[in-house]
Amino acid sequence: MSAPHLKTSPRLIPSLLACLLTAGLSVAQGAVPTLEEKIEILQQELEELKRQVAQNQAATTRLANNTAGNTGGAGSGNAIASAGNSLASSATTIGGYGELSYNRYRNNNTYDNQADLNRFVLFFGHRFNDKLRFMSEMEVEHAVSSSSDQGEAEIEQAYLDYNLNDKLNFKAGLFLMPLGILNETHEPPTYYGVMRNEVETRIIPSTWREGGIGVYGEVLPGLRYDVGVTTGFNAAKIDDPAFAIRGGHQEMQLSKANDLSVYAALNYRAPGLLLGGGVFTGGTAQKGASLADPTAKALLQNSKARLTLWDLHGKYSIGDLDLQALYAKGTLGDADTVAAAIAAQQIADSTGTGIAIPKSFYGWYGQAAYHLWRSDDMELIPFVRYERYNTQKEVAAGFTANPLNDERAVTAGANFKLHPQVVLKADYQKFRADPGKDRLNLGVGYMF
Amino acid sequence: MLHPGIARRLRLTWLCLVAGISIHGAYGAEKVYMEAADFAASAFSTPSPQTHVLWLTPELRATAVRILGHEPAQLRQKYWNEGKKTVWILEEIGKEEVITAGFVVQDGHIEQTRVLTYRESRGDEIRYPAFLNQFQGATLADDNHLNRRIDGISGATLSVNAMVRMSRLALYFAKMAEAK
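Residue numbers (this note's numbering), protein chains in the order written: chain A, 1 to 448; chain B, 449 to 628.
Note that these hints are calculated values from the structure, not bench results.
Keep in mind that the hints are not guaranteed to be accurate.
As the list claims (entries may be wrong) - Reference excerpt, derived from the structure (chain B facing chain A, CB under 10 Å, subset only): (1) Glu478; (2) Lys543; (3) Pro577; (4) His593; (5) Arg597.
Built from N, CA and C at the ideal position, the CB exists for glycine as well.
Start from the sequences, fold in the hints, and give me the full structure.
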């Protein structure tokens, strides 16, 4: 390093001192190096310093070439770059995932072909200390969120996590329900198919979260329990029987909390194996709090309308073959009363004459995927999935189930991983009851 | 409102949990399963194995970047050795937090792997022998990937990926240290 460079690089002197100190510490920690080894260490440090100075000069030149209006952006970029060079991770962390899709229907008389930025999600976490941390997930669905668009901006998770030990941990806030496979692990590279499977969309309303408190931990190696008390559904909001009770999902948006729910899940995880199940139960009448019509409200005030939803699931890998299956079932008590209350409100509002509220609904699927080809980080994994579901297995008295909601679907396609965390997807879906939904799907997904 | 029976059980559960806090409160969430020095010492027959330093020259750094997918944080990597056996303590971020793991490499294959410190909120099943034993005997293929597939753990994808990246780096570093 020449003298003029030293003069023009004021950061170099502290850096040199730090390096010498580091070299000294290295010596103290390990075996006492010989003089030759010390010289080698110092030579290497100087080489590294030269490299850093060259980088700094290049960065300074780039900065000087920028206009004054770019100062903020350059500062942000430097902060990100320096964070990326250190594994001494910040107490505040950022991650995310997203997916885009294109759906082309075989016969688009019923459904329109569409392209969509389904989800754009950012995680923000902060570690207060070794035991206490905050986790959150912010999501924008369908690219634009405004009063005249269908998009939504939503908080998918926001909770505090207090870790005591392997067996006993607490969480409080808005968090995901531990039912099914996809609800808690829903980043696009982790599942097969462009669209999330139908059963874990219509029967288990993924991405499903509630506000409350939970306790979790490991009771035996690999065996994790998860229990808690949370908000629940609001039956008066159920609006589309094709998605069972999904419309009653409150998402912690001024959630009615006259009826609370409880959940419990048990999962055993080992390499290539997952076996587990979960149950969620609680009242959904909420004393008719969201109904304005006195008659409708009165119907739900003395009702419970208990929803119970449970599932069993498993995953198993044999060599390059991945197998996965899930069964889920739900029942809604007092469905006749819920249906009567919604009908009374719709008649009062002149918006309809009621909804065929499901008394019970269920679904299951089986899936097989094969790791056909891999090179470097890339991988091609074809898959096939069969799903059977009925969102109106039984409906409220006086109503008739829509036969299109008693469905069988086959999905066949492939995930092509460009990187373990970036995936291109293509598949074809065929529906038996409603062939109008037959479609080709193309998608892109990522997580970081 | 909750059913009175459920409410009663919840109160009981709460009491049990409060009692549990008093019993288990001494433990931390940054789970240190083994100290690095203890791991290194356990791999060798001598109590004080020799420490060495592998400098990340531009060539090594470039390969490390290809393996990790990002710049390595260290300028040089400390390791222990005895004969053809080397021990590497590496760190990599899973989803949000740093995972610290130890690798014993002998004659180009992994002899032992251990998660030393785990800091993520989910995915700590990677610390169990059922997962770690998959690395035993793994070697580095020509493309710097492992010569075998490692079965993942559902819900721990990013922690599993981090362990695979670290094992590849340990094998590569061991190869370079031997060639030094």
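Hint check:
1. Nearest Cβ of chain A to the Cβ of glutamate 478 of chain B: about 4 Å, under the 10 Å cut. The hint holds.
2. About 6 Å separates the beta-carbon of lysine 543 of chain B from the nearest beta-carbon of chain A, less than 10 Å, and the hint is met.
3. For the restraint placing proline 577 of chain B at the interface with chain A, the shortest Cβ-Cβ distance is roughly 9 Å, inside the 10 Å limit, so the hint holds.
4. Using the Cβ-Cβ criterion of 10 Å, the hint placing histidine 593 of chain B at the interface with chain A is satisfied: the shortest such distance is roughly 7 Å.
5. A least Cβ separation of about 7 Å between arginine 597 of chain B and chain A falls short of the 10 Å threshold, and the interface hint therefore holds.
In this structure, every one of the numbered hints holds.
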